[in-house]
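Participant: Sequence:
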Amino acid sequence: MSDHPPEGLPAYRILTGPDDASFCRRVSAALEQGYLLYGSPTATFNGESVIVAQAIIWPSKRSSIA
26 MSDHPPEGLP AYRILTGPDD ASFCRRVSAA LEQGYLLYGS PTATFNGESV IVAQAIIWPS
86 KRSSIA
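Here our numbering is used: the first residue of the sequence shown is 26, the next is one more, and so on.
Calculated directly from the structure, the hints in this document are not laboratory data.
Backbone N, C-alpha and C define an ideal beta-carbon position, used for all residues, glycine too.
One thing to keep in mind: the hints can contain errors.
[Unchecked claim] The calculated label-pair distances, taken between Cβ atoms and stated as ranges, are:
#1 Glu32 x Ala78: 19 to 29 Å
#2 Asp28 x Gly72: 39 to 49 Å
#3 Arg50 x Asn71: 27 to 37 Å
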């Protein structure tokens, strides 16, 4: 595995969106690319739907932010 994320993506990212299958696919795709989950997911209600967020990190950066 590379020391750097693919396609010029940042080493630390926060994925956000409605709590639906599309969000789950985005998180799954990031995990397949090699990212790791960082911390617990969070959720809030915006008055219409649940919005979720999940931080992810590139493995080579884990020690520098842990």
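Participant: Each hint: holds or not?
Facilitator: Structure-based check of each hint:
no.	hint	in the structure
1	Glu32 x Ala78: 19 to 29 Å	holds (22 Å)
2	Asp28 x Gly72: 39 to 49 Å	holds (42 Å)
3	Arg50 x Asn71: 27 to 37 Å	violated (21 Å)
The structure shown violates just one earlier hint, number 3.
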